[in-house]
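Chemist: Protein chains in written order, with our numbering: chain A, 195 to 584; chain U, 195 to 584; chain Y, 195 to 584; chain X, 195 to 584.
Simulated from the structure, these hints should not be mistaken for lab results. You may find that some hints are simply not true.
Claimed, not checked - Computed Cβ-Cβ distance ranges for the label pairs, DEER-style:
(1) P358/A to G539/X: 40 to 48 Å
(2) Q308/U to L576/A: 55 to 63 Å
(3) Q221/A to D231/X: 36 to 44 Å
(4) E337/U to D425/Y: 47 to 55 Å
Just so it is clear, CB atoms sit at the ideal spot from N, CA and C, and this is done for glycine as well.
Number of protein chains: 4
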Amino acid sequence: MIGYAFMGAAHSQAWRSAGHFFDLPAQARMTAICGRDRTATEQAAAKLGWASVETDWRALLERDDIQIIDICSPGDTHAEIAIAALAAGKHVLCEKPLANTVAEAELMVAAAQQARAQGVRSMVGFNYRRVPAITLSRKLVAEGRLGEIRHVRAQYLQDWIIDPDFPLVWRLQAERAGSGALGDIGAHIVDATQFIVGDQLAGVSGLTETFVKERPLPTASSGLSAGADSDIKGAVTVDDAALFIGRFTGGALGSFEATRFAGGRKNAIRIEINGSLGSLAFDFEAMNELHLYDGTSSPETGGFTRILVTEPEHPYLKSWWPPGHLIGYEHSFTHEIADLLADLGNGVDPTPSFEDGLQVQQVLAAVAESAAGGSRWQALPLVAAASSAA
Amino acid sequence: MIGYAFMGAAHSQAWRSAGHFFDLPAQARMTAICGRDRTATEQAAAKLGWASVETDWRALLERDDIQIIDICSPGDTHAEIAIAALAAGKHVLCEKPLANTVAEAELMVAAAQQARAQGVRSMVGFNYRRVPAITLSRKLVAEGRLGEIRHVRAQYLQDWIIDPDFPLVWRLQAERAGSGALGDIGAHIVDATQFIVGDQLAGVSGLTETFVKERPLPTASSGLSAGADSDIKGAVTVDDAALFIGRFTGGALGSFEATRFAGGRKNAIRIEINGSLGSLAFDFEAMNELHLYDGTSSPETGGFTRILVTEPEHPYLKSWWPPGHLIGYEHSFTHEIADLLADLGNGVDPTPSFEDGLQVQQVLAAVAESAAGGSRWQALPLVAAASSAA
Amino acid sequence: MIGYAFMGAAHSQAWRSAGHFFDLPAQARMTAICGRDRTATEQAAAKLGWASVETDWRALLERDDIQIIDICSPGDTHAEIAIAALAAGKHVLCEKPLANTVAEAELMVAAAQQARAQGVRSMVGFNYRRVPAITLSRKLVAEGRLGEIRHVRAQYLQDWIIDPDFPLVWRLQAERAGSGALGDIGAHIVDATQFIVGDQLAGVSGLTETFVKERPLPTASSGLSAGADSDIKGAVTVDDAALFIGRFTGGALGSFEATRFAGGRKNAIRIEINGSLGSLAFDFEAMNELHLYDGTSSPETGGFTRILVTEPEHPYLKSWWPPGHLIGYEHSFTHEIADLLADLGNGVDPTPSFEDGLQVQQVLAAVAESAAGGSRWQALPLVAAASSAA
Amino acid sequence: MIGYAFMGAAHSQAWRSAGHFFDLPAQARMTAICGRDRTATEQAAAKLGWASVETDWRALLERDDIQIIDICSPGDTHAEIAIAALAAGKHVLCEKPLANTVAEAELMVAAAQQARAQGVRSMVGFNYRRVPAITLSRKLVAEGRLGEIRHVRAQYLQDWIIDPDFPLVWRLQAERAGSGALGDIGAHIVDATQFIVGDQLAGVSGLTETFVKERPLPTASSGLSAGADSDIKGAVTVDDAALFIGRFTGGALGSFEATRFAGGRKNAIRIEINGSLGSLAFDFEAMNELHLYDGTSSPETGGFTRILVTEPEHPYLKSWWPPGHLIGYEHSFTHEIADLLADLGNGVDPTPSFEDGLQVQQVLAAVAESAAGGSRWQALPLVAAASSAA
């Protein structure tokens, strides 16, 4: 695994736990973790449960005892590492966004396609697909329970940088992060809604805004902790918020919003889907619930049903606790790792694929271009997914 | 009062009730109701409590015992009646939308301005401003409790025409209704959010869609009742749904959606406002509640507070029941009439003014134009409101 | 009508409105209102819409232009007025509780039975039966949708006397009010749950408590307004809270709680019913909603369905607004009056009957006796209802 | 660890995870797991991560490489194992209920007190105290934020045995389980509410019921899986539901209900506390939320605040994910183990103590005795807790 910050901790818990809850054709050994600073990486290895440490990711590719590379480092490093790892015959799990640019993502897809021919597999880490309520949503839509989809309404709302004195961390710098709210969290709702609907955006019109134009420079690599770190300010070069509307190829209308300035919303991924036969509503802040409206029910007793997604009949839940005993955020990663290991063991390409990651990247680029050009419509190419969809 | 359908019934209950709950400088007498069909209008007069009947609205203008004209007929009749009534020296309450076109609305504003000089007053019926939770929202924003406004998120979701066999009623015909979801319900969220924020939209980019292109012709004036009325179909000439994004003059981003195809959402007017210091959230399906986030509170106990807007300290509530005893939809009209009568008694221009109605019409027109032109940005003129804002 | 305080205002709005929304065999004329103080009563008559004024309730009984007596005065006056009115051949609507004691209630039932033989009818005003969500609950249980009822869980939570300086108003004096939370609000949940279940309590075990033993005497008849009215304190002689558990004759267990000390709960009537086939949940603070669990549904999509009780298929709703347009507290009274007028017009005995009122009184008395005697079990007589149940 | 069913799996995940998230003075090694059947236990050891296997719990006590015994077997085995383990100088974590009878629990307390003098420590596993929202509740009450406590309202609602064909598993047999809903889930709400309030029940009056008197015998040890296992039926010897009301020593009234027959409620632990200054409400089905009412706030903006208990300022949360990223059921065990290891490392007695477990057992016994004796009041002894309370 490369990287040991927030995503590294979440992935490690998943690697440690997957085999204890799921029957898998292969078990994972947590062989090595890689970071630039040896001392810090050794501490992380001890804390997170990795057997050895490397300080250059290239060293991982040379080791025979490593078969899977899990890339949790910032977006500007993904392309180089992933392409090299695939070339070295290592399976790759790459955190989203796949890359910071469409061009990089295209190179990664090419590498993935070449590797795939050799049985070397790749996956991009849109973990929210494995939140059981979202996996269930996909199943219900695929079964036709909602009929023809007319509306997709999705918001990813956070508030962690409302304070204008919050420092200029790497996620607020375009050269490291690619974009702001758009790529960091907008990417998740683009992927999750396309996954649920089983369809792709055909075009978009967007707006972006940076509310706080300058922020204090962090004195050290201060991570996510708030507080003015310095008297010197630097320019925020990414968006604080991105809004867009669009059309899906199947005819549905989409309304999307990603922002880090929605006070009081901490990690509110809110998705609503309206179809000709029914509707779905989800909010990650109540991630064990799915609200389903069956439009064919009697008006006398119809309405949104709050499904507590903790039954053994629900995706992934049979491996956990009895009904009513909730699961949490990190379980989405445990499911991701369990599915990845199952697919690798069974010789199947995992999803979402790098092609799926590229397609999301294209949507994000189209939104950015529309926003830069008077919100004018940006048509999107239809991407033939390699192996996506449930 | 002209018209006796849904709006007519709601207004009549308001005219009957306002004086029983509010201390008003003047009491209203419900003198005459007007409709084209004498028999039906007489039945309506009896049912709704009006003392006499007219079948030509011009007759109302000639009567000395009538001082206020309440226009509840379809949008294509508003301009002619309102302009004539103002010219005849009658105060006018006109249901929204003010008119079906910007041009008509401009003529009405001119008439209102001329009349105002003579002490003849006018008001447009955006009743949701008088839902106490919305009136309270305006108060909290005006007091600066939310700080600088960054996000406005508004949806008006209904589902009453999802059934493709629902007939082609007048609200689905452009020549009568002007537009579909956009003007009928989109108008309400444009007005309500601008009212709450105390600001205007500066530009928009929009999309509209008609999901069901043809519908059975109604055999008679079948109103809102569902069911295939005829084998012959006619073209639906209005939008089923309208989405748009925009910017307010003060810098806030806006995301709007109006649809009649959101299965399971019956009259869901959902408004969220995020500011630098706090947030508000409202859903008309729980119209007695307002959810307020105070961003200055301690993280340990912070969160959205569910305010049950039934305290005597809340707008209009002192006139109703003890705390926790809810009020309903029609109370918004009772408040509207009470305020109108108070303003007329006190010699004050009521709000929202015809200017406010025109400004909303301009927003709707800009959305329609953007939608027709590849979602490209439409800048809006800044309208100096005659007398708007709380 | 006798009395013009909170209940008088609610009843008056109902008398004024019922005929405008419901097709009734007879229309009501609001002939006279009665209060002890002439000036105050005349003001109330003007405000509430009554045509004349009396200062002695006996005068009402002598008037030929009055056919119905609506008793909204405190509980200690009910028996005398109701018995005299029935004897005078007037139909009687009596606010709950029917009386302050079982003995009085028994006399009233005897009077009602005698009058009934003459076609003179009587009704006790448990208005919450006519909240549509509760009426619908009764219908669903009666249809067997919940199967055999196992649990009844009901709370009536208020907080208006938490402040120890709130004055000693008549509702806190045993000689006027009979009891405190038990009779005032506990009576409502006893009636509502028995009505929904279609069954009676067979026995109870209870606890009561008076948290604040002394309060300032009100300087005048200060009504419900808070604030220390006097330096002199008097003893609170009623319960602040009453809890009890019990068994229904059909085997269900019941858990009940009525309190005026539940901070933040304003008028929270919360009812849950669990049966062998399903469950219901209701909270008056969201009175337009009913939550229904269908235990026969698939675990994959099962859960509580939030029914927005505003469809034309729902009880009383066809007379009001389109779906999603909420109604309020006072509508329960409008429904009560509409049903009463319909029953009188059709020559039918209205419900709930005085027998129903007596039975509730017996439950309250049993709770009080159990609470006074170490919570020991109090068996209840089975009352054969004259005409109760829908 | 002894036992490897539901509790065994939950505890194992906690033992595996605690050190990866919390900075602990000592790390745990998962040395041995014990079960009667060697094959099944070996499978469990592999699945759950234990290094070795024993089939007789006495063997664990003889091993020098074991310092802590974690008892997850049924209640009728707790006393013997715990007493022997403490005598052998092993620290003991014993799942709740502490024992099946007060007599056994008293012996265990005596053993714990003796061992404590030797530095051998003990803890009873009321894991819900370590759900962060409940830990936070305790903190807020202890700080006086709710003032004087007046009402405690607690329900533990499940529905897993509603089906009359669900088999007669050990939890439905008095000789194994001691009692039914009362001891299994009622114990949790007794402990949790006493913990939050920092007070003990002084007396109770109760009711219990067994709705389904006979059930099919399980053909094998069929665990919790539903379905008729046999044509032969056996008597259910425990309660299906238990209700009780009571008084706390500090004057608060308590209302409690534990049932396995609340259709649609899967693991609904609902707790409400009303005090003179504020209120708290919690539902385990939304376990990351706490609803707090501050009675000192302005009526204009007062109400229940939904605290999303995922901030670094909240108990245990700094060790997990960023705000808005939820945790799940098993995290309560991870917190329990982390606190236990910290206490052992720091030479401190952990809580809840065996004395706390005994006191809960006494409440349960008093409820059962009251229920058996006409609900008459049962006074409770005041137990001086050894080391309880935060």
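Chemist: Of all the hints given earlier, name the ones this structure violates by number, lowest first.
Modeler: Numbers 3 and 4 - these are the hints that the structure violates, sorted from lowest upward.
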